[in-house]
Amino acid sequence: MAKKAKFTMKAADKRRLERAVAKQIEKKIAPQVRQSRREQMAAELNAMVPKFKGRPVEDVKPAVVERMASIGVTITDPELTQYAEEIAEGGSFNV
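Mapping to the numbering used here: the sequence shown position 46 is 46, numbers consecutive.
Hints may contain errors.
Taking CB as the label site, the calculated pair distances span [to be verified]:
hint : residue 1 : residue 2 : range
1    : E66       : E39       : 17 to 25 angstroms
2    : A47       : K6        : 53 to 61 angstroms
3    : N94       : Q32       : 16 to 24 angstroms
4    : K51       : A30       : 29 to 37 angstroms
Below, a list of computed lysine-lysine pairs in the DSSO-like style, where the Cα atoms sit at most 27 angstroms apart [to be verified]:
hint : residue 1 : residue 2
5    : K10       : K23
6    : K28       : K14
7    : K3        : K14
8    : K14       : K4
9    : K10       : K27
10   : K14       : K27
11   : K61       : K51
Since the hints were derived computationally from the structure, they do not count as laboratory data. Idealized CB from N, CA, C, for every residue including glycine.
Put together the whole structure using the sequences plus the hints.
Here's what the structure looks like:
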């Protein structure tokens, strides 16, 4: 029976290897995650249109913030205003 080789690695080398692997995983998976997130956001925003169409933008904004927070998304004020205006106008969101 053959002997198994014993391999040891210094802590610093192990951390470098872990970072390199994580970077490669992120490079391959990140685009899919971003696409999925965009699809989820579009679906949530489109679902708000029937309820908030025709309402003042200032009434729509808090609802947008709450809906996005419920799916773990934070948005900037310019995006918030843009989304609220589109919802109030009865528009739709595409991916």
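| request: Determine which of the earlier numbered hints do not hold for this structure and return their numbers in increasing order. | output: none
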